[in-house]
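S.K.: Protein chains in written order, with the numbering used here: chain A, 1 to 306; chain B, 1 to 328; chain C, 1 to 281.
Keep in mind that the hints are not guaranteed to be accurate.
Claimed, not checked - Restraint-style ranges between C-beta atoms, simulated for each label pair:
| no. | chain 1 | residue 1 | chain 2 | residue 2 | range |
| --- | --- | --- | --- | --- | --- |
| 1 | C | R159 | B | L36 | 12 to 22 Å |
| 2 | B | E214 | C | Q9 | 13 to 23 Å |
| 3 | B | Q212 | A | T108 | 28 to 38 Å |
| 4 | A | G67 | C | F130 | 46 to 56 Å |
| 5 | C | Q7 | B | F160 | 32 to 42 Å |
| 6 | B | V35 | C | P45 | 47 to 57 Å |
| 7 | B | T164 | C | S241 | 28 to 38 Å |
| 8 | C | S241 | B | E214 | 53 to 63 Å |
| 9 | B | T164 | C | T222 | 48 to 58 Å |
| 10 | B | L36 | C | L160 | 14 to 24 Å |
| 11 | B | L49 | C | Q7 | 51 to 61 Å |
| 12 | A | E298 | B | R210 | 41 to 51 Å |
| 13 | C | W220 | A | T108 | 47 to 57 Å |
| 14 | B | A289 | C | F219 | 20 to 30 Å |
Said to hold, decoys possible - From the structure, some residues in chain A lie toward chain C, with a derived Cβ separation under 7 Å:
| no. | residue |
| --- | --- |
| 15 | M105 |
| 16 | T108 |
| 17 | I133 |
| 18 | R136 |
| 19 | R137 |
| 20 | T147 |
| 21 | F149 |
| 22 | P150 |
| 23 | G161 |
| 24 | I164 |
Worth flagging that the hints you see were computed from the coordinates, not collected in a lab.
C-beta atoms are modelled at their ideal positions from N, C-alpha and C, and glycine is treated no differently.
Residue-level listing of the chains:
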Amino acid sequence: MRVEDAEAEAAWPRKATAEEMPEPRKDADTQPAPAVSIREPVPEAPGQPEQPVHPRLATHRLNAYFGEVRAVRNATVEFPDRQVTAVIGPSGCGKSTLLRCLNRMHETVPGAGVEGDVTLDGSSIYRGGSSAIGVRRNIGMVFQRPTPFPTMSVRDNVASGLRILGRGGPSRSEADGIVEDSLTRAGLWDEVKDRLRESAIALSGGQQQRLCIARALATKPRVLLLDEPTASLDPLSTQTIEELVYELRTAIAVVIVTHNMQQAARVSDRTAFMLGGELIEVAATKTLFTNPSDSRTEAYVTGRFG
Amino acid sequence: MTDAAAPTRETDPLGVSPVAAAMKASLHGDRIYHVLTTAFAAAVPLLLLLIAISIGLAAWPALSLAGLSFITASEWDVAAGQFGAAPAIYGTLVSSAIALVLATPLALGVSIFLSEIAPKWLRQPVGFLVDLLAAIPSVVYGLWGIFVLIPLMRDPVGPFLRETLGLAKTPMFSGPNYGYSMLAAGVILAIMILPFISAVTREVLLAVPRSQREAALALGATRWEMIRDAVLPFARSGIIGGIILGLGRALGETMAVTMLIGNRPEISASLFAPGYTMASLIANEFSEATSDMHLSALMAVGAVLFVVTLIVNAIARWLVWRVTKGAR
Amino acid sequence: MSRRRRQAQSVMMISMTYAAAAIATLPLLLILLHLLREGAAFIRPGFFTEMPMPVGEDGGGMANAIVGTLILVGVASVIGLPIGIGAGMYLAERRGAPFATAVRFLSDVLNGLPSIVLGIFAWEFLVRPFGGFSAMAGGLALGAMMIPLVTRTTEEMIRLVPVSLREAALALGYTRWRTSMTIVLRTALPGIVTGALVAIARIAGETAPLLFTALGNQFWSTSLDEPIAALPLQIFSYAISPYDTAHAQAWAGALVLIAIVLVISLIARYATRSRFGLGGD
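Using the sequences and the hints, build the whole thing.
M.R.: Here it is in structure tokens:
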């Protein structure tokens, strides 16, 4: 407990003010979701530092099981820092399971099992004394449906991940700063700053999902995992979330699972294609969509199945 | 802000990666939580075990003396030191049987009404009133029984059954009619178990799939035929479970019965005669039991009641569970 | 059978269910009517503040019995609520485990045991060994009755909390116990409170187990190791006494008891919706 508290303290050195935050993109150059067109992937995002990209998160011969069923087969893949990696594939291909192995949520399902390893900045998240709880505090996750805690206000929802840090966590006033900071990053601050004490379930679906992103960001995770975050949202909310994901890549590694190829093309730098539990191909998004090296990838991205 | 996840944090003078340290967390809380909730859950079987042991211990002197004849002997004479539980067992069975005969058709009717027939605006209030019957304390039923039901039993119920229906010659309705009687106890029990049977039956009827009903209607069945041929057979074992659950209640109901049954340890064919049930025997004589053997005999009656209700409830729960598990 | 006769039969059977509903609600209305008619006249402020008069004399109240019932219900809640809620949480979280199935079944069986049996249990456990009737023993018997009631409603309420909420908390780095206590239990709380109130309403009117444990007391007592008065016990002894004045007191006491029970039931039904309930979905 102590070790983790000390680390938690170390995680709060900076209180970023709103001015330091990158302005939420309001310009329309992210495109209002055209039908099929593949946007130019963004090799150089605005403000991206020039340091070499290195993998934050990596899987090594990862196998995931539900009982006897192997849902992920021998997956080895790297998720670079400050990039958005999309995982695509048909329903049941194991993409969500792969994602849930990355922060040890997979093991919360009865009968689930994992082989192989996942490393965060070179340290195993499964071995060497890592606990699922500690891993999840460093690797945030947002689900398909918005999951605001219904008994908490908007503010308390965002602060809920901080509260569990106990004495090592921020004070109340620090927490208020982090709440504002996180809501701003999630592009929600202006909409809810006067409703912080209201119930979180009074927000619209799209707002709830951005609230969940803010909640995940509040604990300053090193990686953010998004499991089909727009699957239950209307097109307008979807666009807002996509723009948000695009912004997040300036600061953090993002992995997004989506069944929507257009979405992957719009928001990601790299794309991984999965089929039948296997990773078929991982490449720069533009390459994967325009010049895939595997025929199965080509069949999928050109819409011949899936 | 943008440096929140800068790689500079990954180096550490001691060579221990802060990432690895950050991913450690104590799980003591989870272990304590698991042990605590398991202990609370274990309290339920433990409590049942303690109940069985305590009643067994209290009943042992009387049971070991009388053996199996305790439940077959029909003499309950405290002064003579004779303790035969047969009259109380007989009274329990008869009063519960009366209750079931009266309550079952009513409860079935109400449940069908509430789940299949009633217009929406009637469902809530009628359902609420029927449920409310279960909230009335037993002693209030007893009070009402003494001052309202008993006079009614003397007149007009008694004369109606004997003269108007001409049942006076049958042994079941012969003998003097004091009001305090097996019949009065049965009637009050019927009112008391009605909400229990109806609650279970309603739940079971609602578990019948819609397709079952629609199939019957599509075949040209009338509304009643649909209920009779499609709904009730599907829910049958659950309904039986509900009735047996009501039986379990009736067998052990104490206060209202004690106040209305007349409390006399005799086996009489007449429903107008006073009697005893196991529960009312214990409740009525406990305060005046001075000898150890009398006390133990009362506890032995309690032990019989415990075993009987245990079995009845286990059967009922199993039947209800069989029907409703499919719907969950 | 002709179509017309079948229709007639259908109409007749349906009318009979209407009749059944009418007959089933009649006793309740009759009981409430008599309670009001016989009891209301004797309800005056002194009824709640004065001690009972000797049998056969006019006046007096049931102050000691009302306080006694509150104490008994309090003791029972202290025993029954934590165990019931804890067991319910266990059952909800280990749905399929064989032990959970067994506990669930035994809890239902316990729920069906006659209350008098629980009275005998508390008598054998707390009265006989320690040589005296006591409020504590009464509370134990009533608390044991509460356990299965609270266990099952807690389990059902927790099951209504979507799994996605639990997952969301775990994904934030919540430990399991924190997830259960601060997210799941908190979300299910309104329903659990309702269940607890229903259980309290049910045991508040129990009489049979108290005959063996709390016994009743004509005098003022709030001590846990002394016999204690209780409203249902008082009603019982007045009802079976031969004096008209006592009968009047019994009706008044019953009216108060039923008012307490009904008010708790109504609160349970309507007033426990929290500010932040479960969202519609």
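S.K.: A separate judgement is required for each hint: does it hold in the structure or not?
M.R.: The hints, checked one at a time:
1. The supplied range of 12 to 22 Å is met by C:R159 and B:L36, whose beta-carbon atoms lie about 20 Å from each other.
2. For B:E214 paired with C:Q9, a C-beta distance near 21 Å keeps the hint of 13 to 23 Å intact.
3. In this structure, B:Q212 and A:T108 meet the distance hint of 28 to 38 Å, their C-beta atoms being roughly 37 Å apart.
4. The hinted window of 46 to 56 Å between A:G67 and C:F130 holds, with their beta carbons roughly 54 Å apart.
5. Distance hint check: the CB atoms of C:Q7 and B:F160 are about 34 Å apart, consistent with the given range 32 to 42 Å.
6. Restraint check, B:V35 to C:P45: a C-beta distance of roughly 51 Å satisfies the suggested window 47 to 57 Å.
7. Between B:T164 and C:S241 the C-beta distance comes to about 35 Å, which sits within the given range of 28 to 38 Å.
8. Look at C:S241 against B:E214: about 60 Å separates their beta carbons, and that is inside 53 to 63 Å.
9. Judged by the Cβ atoms, the range 48 to 58 Å given for B:T164 and C:T222 holds: they are separated by roughly 55 Å.
10. Separated by about 23 Å at the C-beta atoms, B:L36 and C:L160 satisfy the suggested range of 14 to 24 Å.
11. Distance hint for B:L49 and C:Q7: a CB-CB separation of about 57 Å, consistent with the stated range 51 to 61 Å.
12. At about 47 Å, the beta-carbon gap between A:E298 and B:R210 stays in the expected band of 41 to 51 Å.
13. Taking 47 to 57 Å as the suggested C-beta distance range, the pair C:W220 and A:T108 conforms, at roughly 56 Å.
14. For B:A289 and C:F219, the Cβ-Cβ distance of about 24 Å falls inside the hinted range of 20 to 30 Å, so the restraint holds.
15. A least Cβ separation of about 6 Å between A:M105 and chain C falls short of the 7 Å threshold, and the interface hint therefore holds.
16. Satisfaction of the interface hint for A:T108 is found here, the shortest Cβ-Cβ separation to chain C being roughly 6 Å, below the 7 Å cut-off.
17. Checking A:I133 against chain C by beta carbon gives a least distance of about 5 Å; that is within 7 Å, so the hint holds.
18. Here the hint on A:R136 is kept, as its CB sits about 4 Å from the closest CB of chain C, short of 7 Å.
19. Here the hint on A:R137 is kept, as its CB sits about 3 Å from the closest CB of chain C, short of 7 Å.
20. Nearest Cβ of chain C to the Cβ of A:T147: about 4 Å, under the 7 Å cut. The hint holds.
21. Here the hint on A:F149 is kept, as its CB sits about 6 Å from the closest CB of chain C, short of 7 Å.
22. For A:P150, the interface hint holds, the least distance from its beta-carbon to any beta-carbon of chain C being 5 Å, beneath 7 Å.
23. Hint status for A:G161 relative to chain C: holds, with the closest Cβ pair at about 4 Å, below 7 Å.
24. Using the Cβ-Cβ criterion of 7 Å, the hint placing A:I164 at the interface with chain C is satisfied: the shortest such distance is roughly 6 Å.
Of the hints listed earlier, there is not a single one the structure fails to meet.
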